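Chemist: Chain by chain, the residues:
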Amino acid sequence: MIRQWIQSLLKDNFVIKWFFHSNQRTYQIEINSDDREIFEVKNFLDRICDLAGCTSREASNIKLSVDEACTNIIRHSYQNNTTGKIKIEVGVGLKAITIKIIDHGTSFELNRIKEPDLDKYVRDGKKGGLGLWIIRKMMNHISYRAYGDRNELTLVKILSKSIPKISSVQAHAVPISVKFTSGAILITIIIVISVFLMLSHRQKAFFIAQQNERAREITLAISTSSGEEVVKKSDLQLNQFIRNFISGDTTHVLSYIFIVSAHQRYLADSNLEDIFQKYHRPQGQNPVTLGLRIYHVGSVLEYVMPIFFQNKYVGEVHVGLSEKRIGQLLNQAEFRLKWIFAGILLIATFLIYFISKKITGPIEKIFAGVQAIASGDYSVKIDLNTQDEFGQLASIFNQMTNQIRDSQKGLMEQERMQKEMQVAQEIQHTLLPAQFPEVKGYEIGAMYRAAKEVGGDYYDFFWVDPTTLGIVVADVSGKGVPGSLVMTMIRTAMRLEARNNKSAAEVLSRVNQHVTSDMKHGMFVTMCYIILDSINRVINFSSAGHNPIILYRRKTQGIYFLKPQGFPVGLDLPEDNVFEKTLSLQKVSLEQGDMLVIYTDGITEAMNVNKQQFGEERLIATIKENSHLNPKEFIDELNRRISEFTQGAEQHDDITVVVIKEKMKAQTVVFQFKKKLITMVQEGESVTEACRKMNVSPSAYYRYKKLFDQYGEAGLKQTDRHRRMMTELTNDQKMAVLKLVKEFPQYGPTRIAGMLKTRSELPMTLDPKQIYIYLKRRNLNSVKARQEFATNPVDSFRL
Amino acid sequence: MEGLTVNVTSPIESPDVKVLVVKGFLDTTTAPNFEKTFQEALNNNYYKLIIDLSGVNYISSAGWGIFVGELRRIRESKGNLFLVGMNEEVFEVFELLGFNAIIQSFSDVPTAIREGFQKS
Numbered sequence: 001m002i003r004q005w006i007q008s009l010l011k012d013n014f015v016i017k018w019f020f021h022s023n024q025r026t027y028q029i030e031i032n033s034d035d036r037e038i039f040e041v042k043n044f045l046d047r048i049c050d051l052a053g054c055t056s057r058e059a060s061n062i063k064l065s066v067d068e069a070c071t072n073i074i075r076h077s078y079q080n081n082t083t084g085k086i087k088i089e090v091g092v093g094l095k096a097i098t099i100k101i102i103d104h105g106t107s108f109e110l111n112r113i114k115e116p117d118l119d120k121y122v123r124d125g126k127k128g129g130l131g132l133w134i135i136r137k138m139m140n141h142i143s144y145r146a147y148g149d150r151n152e153l154t155l156v157k158i159l160s161k162s163i164p165k166i167s168s169v170q171a172h173a174v175p176i177s178v179k180f181t182s183g184a185i186l187i188t189i190i191i192v193i194s195v196f197l198m199l200s201h202r203q204k205a206f207f208i209a210q211q212n213e214r215a216r217e218i219t220l221a222i223s224t225s226s227g228e229e230v231v232k233k234s235d236l237q238l239n240q241f242i243r244n245f246i247s248g249d250t251t252h253v254l255s256y257i258f259i260v261s262a263h264q265r266y267l268a269d270s271n272l273e274d275i276f277q278k279y280h281r282p283q284g285q286n287p288v289t290l291g292l293r294i295y296h297v298g299s300v301l302e303y304v305m306p307i308f309f310q311n312k313y314v315g316e317v318h319v320g321l322s323e324k325r326i327g328q329l330l331n332q333a334e335f336r337l338k339w340i341f342a343g344i345l346l347i348a349t350f351l352i353y354f355i356s357k358k359i360t361g362p363i364e365k366i367f368a369g370v371q372a373i374a375s376g377d378y379s380v381k382i383d384l385n386t387q388d389e390f391g392q393l394a395s396i397f398n399q400m401t402n403q404i405r406d407s408q409k410g411l412m413e414q415e416r417m418q419k420e421m422q423v424a425q426e427i428q429h430t431l432l433p434a435q436f437p438e439v440k441g442y443e444i445g446a447m448y449r450a451a452k453e454v455g456g457d458y459y460d461f462f463w464v465d466p467t468t469l470g471i472v473v474a475d476v477s478g479k480g481v482p483g484s485l486v487m488t489m490i491r492t493a494m495r496l497e498a499r500n501n502k503s504a505a506e507v508l509s510r511v512n513q514h515v516t517s518d519m520k521h522g523m524f525v526t527m528c529y530i531i532l533d534s535i536n537r538v539i540n541f542s543s544a545g546h547n548p549i550i551l552y553r554r555k556t557q558g559i560y561f562l563k564p565q566g567f568p569v570g571l572d573l574p575e576d577n578v579f580e581k582t583l584s585l586q587k588v589s590l591e592q593g594d595m596l597v598i599y600t601d602g603i604t605e606a607m608n609v610n611k612q613q614f615g616e617e618r619l620i621a622t623i624k625e626n627s628h629l630n631p632k633e634f635i636d637e638l639n640r641r642i643s644e645f646t647q648g649a650e651q652h653d654d655i656t657v658v659v660i661k662e663k664m665k666a667q668t669v670v671f672q673f674k675k676k677l678i679t680m681v682q683e684g685e686s687v688t689e690a691c692r693k694m695n696v697s698p699s700a701y702y703r704y705k706k707l708f709d710q711y712g713e714a715g716l717k718q719t720d721r722h723r724r725m726m727t728e729l730t731n732d733q734k735m736a737v738l739k740l741v742k743e744f745p746q747y748g749p750t751r752i753a754g755m756l757k758t759r760s761e762l763p764m765t766l767d768p769k770q771i772y773i774y775l776k777r778r779n780l781n782s783v784k785a786r787q788e789f790a791t792n793p794v795d796s797f798r799l
Numbered sequence: 800m801e802g803l804t805v806n807v808t809s810p811i812e813s814p815d816v817k818v819l820v821v822k823g824f825l826d827t828t829t830a831p832n833f834e835k836t837f838q839e840a841l842n843n844n845y846y847k848l849i850i851d852l853s854g855v856n857y858i859s860s861a862g863w864g865i866f867v868g869e870l871r872r873i874r875e876s877k878g879n880l881f882l883v884g885m886n887e888e889v890f891e892v893f894e895l896l897g898f899n900a901i902i903q904s905f906s907d908v909p910t911a912i913r914e915g916f917q918k919s
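Chains as they are written, first to last, in my numbering: chain Y, 1 to 799; chain F, 800 to 919.
Next up, chain F with everything else stripped away, as it sits in the complex (with noise of 0.2 Å):
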């Protein structure tokens, strides 16, 4: 259990999308780290994001921070995120804090590439 890990990957069938594969815990430590990766992300022009999270146990306002934080920009720029995987801890909160109604969520990738991205 030591800090966090972000890998930056792309769908070989929609490679204008960037899957964030982040595992480990996501707090005020580590959060820095995260949103490192995730504006270099933006800065490069990617606004297709998707986060994966099924490897993240744990994720705290910090965390939520940075999804909700970026949004604004990422929608303007015709974008969007999407967050994949959350187990059922994390899960709670997210509905719990009411960001199931500013960002979508699902079950695991390929969805969300078909769901999200392909159908808009």
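The shape of chain Y in the complex, shown without the other chains (with noise of 0.2 Å):
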């Protein structure tokens, strides 16, 4: 039956492989991304729900569900087009039915599907956007998740009948006791039968042997003994010699005795009392004179022998014996034996009857355990309290049955905590920002990508103020529900200490100081914390011990590692204020052009199936080459590379990245923002309400508005700040920078910027401030610090 349900199935050139694994069976279809295709689906579904005992309404929502979810995959995932495929796994467990469908188009935001407002839906008379909803409603749990360009979506439903019945398949079979009580029954009697036929078949000739022997026994007495009664012819004598006989055969075996003369005249008769009669002698019978002759007369047999006096034959004697009476005793003997062995077979049917119940009463209640078993009752126990080899089979089934409750606890457990999973998963996935905030001046993408376990990394947009942006991006050590669980409470308390605090640093110690002690031990998050201001154009950001920001500047085509110092949050540091004070600030700005990505180690460490990692130097490659490209272009290409790289091998750590983009200059933006704020003042907006709305100080709206009244818009234009210095040096400047240091570790930044500036091979402008600084973070801004850098061959180009 299985076989034809397959071969239907292959025949409509569907291809249909299930497996087996634990207590899960797994059915696969897939089909072309066409409405027509859908009706196979739902056949598909029908037969397992079918295999699985669902109740017809499971079924109905189950169809209907998946119906729905591949009409919306044909629609927008595939935009109608029907040459894209739809897998639809379908998990049978214990208690649920999993339905994995997979597709390869563009994927869409699960989580915007809110309840829809049906006033709106006739207001509107908008029809479609039902479908998703439905799934809502008529399965217990529901997921979706993008894996580069594979979207899943899981479905769950619960079923209420927990288990797929295991069809009892003996229901009509011959218990084994009645065999094995009616094989020994049909043995015995055959043997009993068998037995009975010999006995009496011998009892029956050593009884007419015996009764012949008798006749012939008799014959001769009286034949020996009468001679000379028959010639007295002394009848009296012989009457009373006969009847002794008669009287005597108490069997009534003998039907007569009589003694005939030579002259054929009766002269004894046990049945005549009138004697001397003339004697007729049946025909074929001669006169006996010699020894005994038998003849059958009728139904009896006549012994007859002659009579001798003196050598003289004087007579004979005829003995009858009852061939009919034989019979009947006969009879009536097999009719007793009969009886007795009808009384053996019966006590032998009841013996064999109790001594079968004794042995196969075990194998029944054997039976009965294996089948409360498959029918999912691992509470039961099977008593045997025999030491035989039943008894030794029940007590390995009770084991068994204790070790299989166990790992079925241990199972539930763990579908319960894979649920559980799944609902981390999806509430991270929730927490991740959906849209990307619009920036005046900035262009900014995000991806994230997720290991498949729940991941600890984690990113978050939100505003400081109504024109200042908070970048957050963070690595939690660990993985799985705890990751997940120290990433919520990082998130909140970033929201919470972000607002209106425009330092990085002070804002990241906060949060140190909040989660720290609810941290479990060894947990630690490195994290990244950036403040976009679109109105100063400056951009300030801390690290807690995370990767550093990558900086790309297009005007030297310079790729800058940006790297502040501070260590993880929620490390127990051995001194108060370490994590405040080590934890350090700083600015950069963007020109036009230029980009900054924040990333996580999820990107370097993407490793191929020959363990080699994707690296620093190919995402390097990555900026230096798409640096043209806007954020989203970019992120789309470092997928893409990755992917390349890892050749699909199974990513194991989540993959986050950032990438800010300048648009514009910096003095346009800053003119527009000035421009503006005027414009307000000048439509008759109140200074305070202007200032408020723009989040500047008044004084600085009358600085321009000074500035605006003398020079008109070329007043605006006008920086009023001096660029923000560029504190970091390039990796090749750094390398630079440390040659000299080792070459002439007296000299100081001045004449180290002198030197480099002079160099032959690289001249490069490097203001000595710059250098002061870098070399300070090195501490290598004392001589004495240098002279021993510069003996020091182990500590050589650390940058």
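Everything labelled a hint here was simulated from the structure, so no lab data went into it. Do not take every clue at face value.
Calculated lysine to aspartate or glutamate pairs in the DMTMM-like style (CA-CA distance at most 25 Å, straight line) [to be verified]:
(1) Y:157 / F:839
(2) Y:95 / F:875
(3) Y:624 / Y:636
(4) F:822 / Y:636
(5) F:822 / Y:35
(6) Y:675 / Y:443
(7) Y:95 / F:888
(8) F:835 / Y:34
(9) F:822 / Y:34
(10) Y:137 / F:914
(11) Y:632 / Y:594
(12) Y:312 / Y:323
(13) Y:100 / F:888
(14) Y:555 / Y:636
(15) Y:42 / F:891
(16) Y:137 / F:887
(17) Y:42 / F:888
(18) F:822 / Y:58
(19) Y:555 / Y:637
(20) Y:157 / F:887
(21) F:835 / Y:302
Only a predicted model underlies this, so the values are computations on that prediction, with no experimental measurement involved.
Got two chains here, each in a separate frame; can you build the complex from them with the hints?
Modeler: This is the structure we're talking about:
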């Protein structure tokens, strides 16, 4: 039957694989993204629901949900293109059916699906969008994930009836006890009957021989001892003689005895009073003059023997043996024997029945136990107090049941855990920002690619004030639910602390204070917090032990690693305030086309099957080669390169990257801002109100106003602050500085700067102040330290 | 189980009511077929509509969308739309999705005419 079923599915050009693993049976079907093929999915689900023992209501819910899901994928993911593929994997578990619907189209935002406002539907005459809501209502659990080009929608339906019943095939079979008993009884019957037949046959033969022998003896006795009486014709004596024999015959097998004289006259007859009558010899009999003769006279066997007196034939004796009577006696004996054997048979049957009950009883008990297990009752225990093989079997069975029960418990626990993990994952996904913020002058793009487990990465955007955006990228050291919880904690703390605080370092310090005491020992979070001030065009950031931020300068095509000092959040540091003291704040201003890449180690540590890592070099190469792209395109390209590199190897860490790109000239943005502020006041807004809205101080407004009144728009175009100095050196610059320090440890920043300017191989112009800051960070700001560094060959060129 | 058929009838006692007797299943593939007939009725200014779903065993969102989508137009034209004869499974979805709050349903066509149209 199953084979026919597979064939029927294969016939319709669907590839179906199914395999068994643990308790879950999995079935698959793949269709083209064509409405008409959904019908086949419904048939497929019908069969599975039937196998899984769903109620018709559950089956109908499942079919409807999958129908809606497929329809949505065809409409939105594949845009009605019928060449796409939709794969449906159905897992039938003990208590639930899990359906995974996989497609390779554009992903959609699942969390946008809210309960539709039905009145709005009616008002607007809107038709679509019901599908996903139907799925929400019909299924117990729904989740959606997009991995690269693969979108996976998972639907779970919990079944009311827990276990797919194992059909009791044996229901109509003959029980073993009956088989055993009837077999044994049959054999007994055969034995008893054959014994009976043999016995009765021998008894018969023996009885007949015995009777014949007696008749012969009687005949002989009469013949030898009655000669004188015959001669004398003393009939009284002879009659008495005969009668003695007749009366001695208690079984009445002798029909008669008579004696005839040589003259054919009766001399004595057991049946006749009247003697001396003529004896009429029956036909075929002759006078017997020699030895014993036996004749058949009717049903009587007649023994005839001559009687001699003084060697002279004087008469004959006839003894009649009744064959009829012998037959009667034999029948009587046989009848008795039959009863005896019937009795034996009856007793034997009872004995066999009881013995077989005793033997097969344990089998029935074990069978009942196995059946109970099959139907999911793991609490059964087989109670057998025998020590034989059955007893052993029962005790092994009980052990096995205990093990199954324990592992079942474990499995259920695992199932529950998995479900919780899914929920955790879903929560985590909802916590990630769904929309990229619009910040004037900046373009921002982000990517988050989750590893299989609930990951520890997290990124977030929020408004510090109406013109200032905060961006967090964090990596929690733990994965799974604990990591997820810490992440949630940090997210909340960040959102609370970030508001109206424009110092990244201060916010991180406060967050650290909040969460450290609540974090498990040994867990920590590396994070990077960046504050984009869209008015002053300054980015300030702090890093709590996070990977460096990469800055790409378009003008010089230089790559800078920005890594302000700081310990990870949540570490149990030996002294108070160490975190705050070490955490430093850096500021940077972007020029048009500059790019800031904030990432987690999931990118650089992305591995291919040969355990090679994607690495910093590939990341930098990607940045250099694609700096012309906008953040979204850049991230797509980066993602493509990572996928190309890993070639489908399993992703073992979350990947997060946020890219910020300066779109316009800083002066333009600032000019527009000032212009808007002045226009607002010109249009009648009060100065206080306008300044509040634009988030500047009134004194700044008056300063702008003065410049505007004096020079017109040209005055607003002036930058009122000197450009923030770039404190960070590129890797090449750092290398050059360190080389000089090694060579001339006695030189300070100014002389180093001078030497760098005149170096023949690669002249570079650096501000001595920049060099000083770098040397200070490397602890090389004293001559002594530099001399030590120069003589120490080990600590060579750590940048 | 081949697609969907729609028959349009008018009860003798109330000729202004149109009954759409639907048989089969209503999903993405068959919904356009139904919608055509449905729109025809509306375009011919029949706004008192009864959809007889007693022969329907399956309705997906595409089907529900049609009912809900035209409700406003129907009601603005002083008409109404009733669903009758839904089987248990279809009714479950109807209730679950909360359509019972916006569309009235009845057990059969005569009841719908009596309770729905004649009373109002």
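Chemist: Does each hint hold? Answer for all of them.
Modeler: Structure-based check of all given hints:
1. Y:157 / F:839: violated, 39 Å
2. Y:95 / F:875: violated, 48 Å
3. Y:624 / Y:636: Holds: residue 624 of chain Y and residue 636 of chain Y sit about 15 Å apart, inside 25 Å.
4. F:822 / Y:636: violated, 49 Å
5. F:822 / Y:35: This hinted pair holds, its Cα atoms lying about 20 Å apart.
6. Y:675 / Y:443: Cα-Cα ~22 Å, so holds.
7. Y:95 / F:888: holds, 22 Å
8. F:835 / Y:34: holds, 21 Å
9. F:822 / Y:34: Between residue 822 of chain F and residue 34 of chain Y the Cα gap is close to 23 Å, so the pair holds against 25 Å.
10. Y:137 / F:914: violated, 30 Å
11. Y:632 / Y:594: It holds: about 15 Å lies between the C-alpha atoms, which stays within 25 Å.
12. Y:312 / Y:323: Not satisfied, since the Cα-Cα distance of roughly 33 Å exceeds 25 Å.
13. Y:100 / F:888: holds, 24 Å
14. Y:555 / Y:636: holds, 24 Å
15. Y:42 / F:891: Cα-Cα ~19 Å, so holds.
16. Y:137 / F:887: holds, 17 Å
17. Y:42 / F:888: Within the cut-off at roughly 15 Å; holds.
18. F:822 / Y:58: holds, 22 Å
19. Y:555 / Y:637: holds, 22 Å
20. Y:157 / F:887: holds, 19 Å
21. F:835 / Y:302: violated, 117 Å
Comparing the model with each numbered hint stated earlier shows that hints 1, 2, 4, 10, 12 and 21 do not hold.
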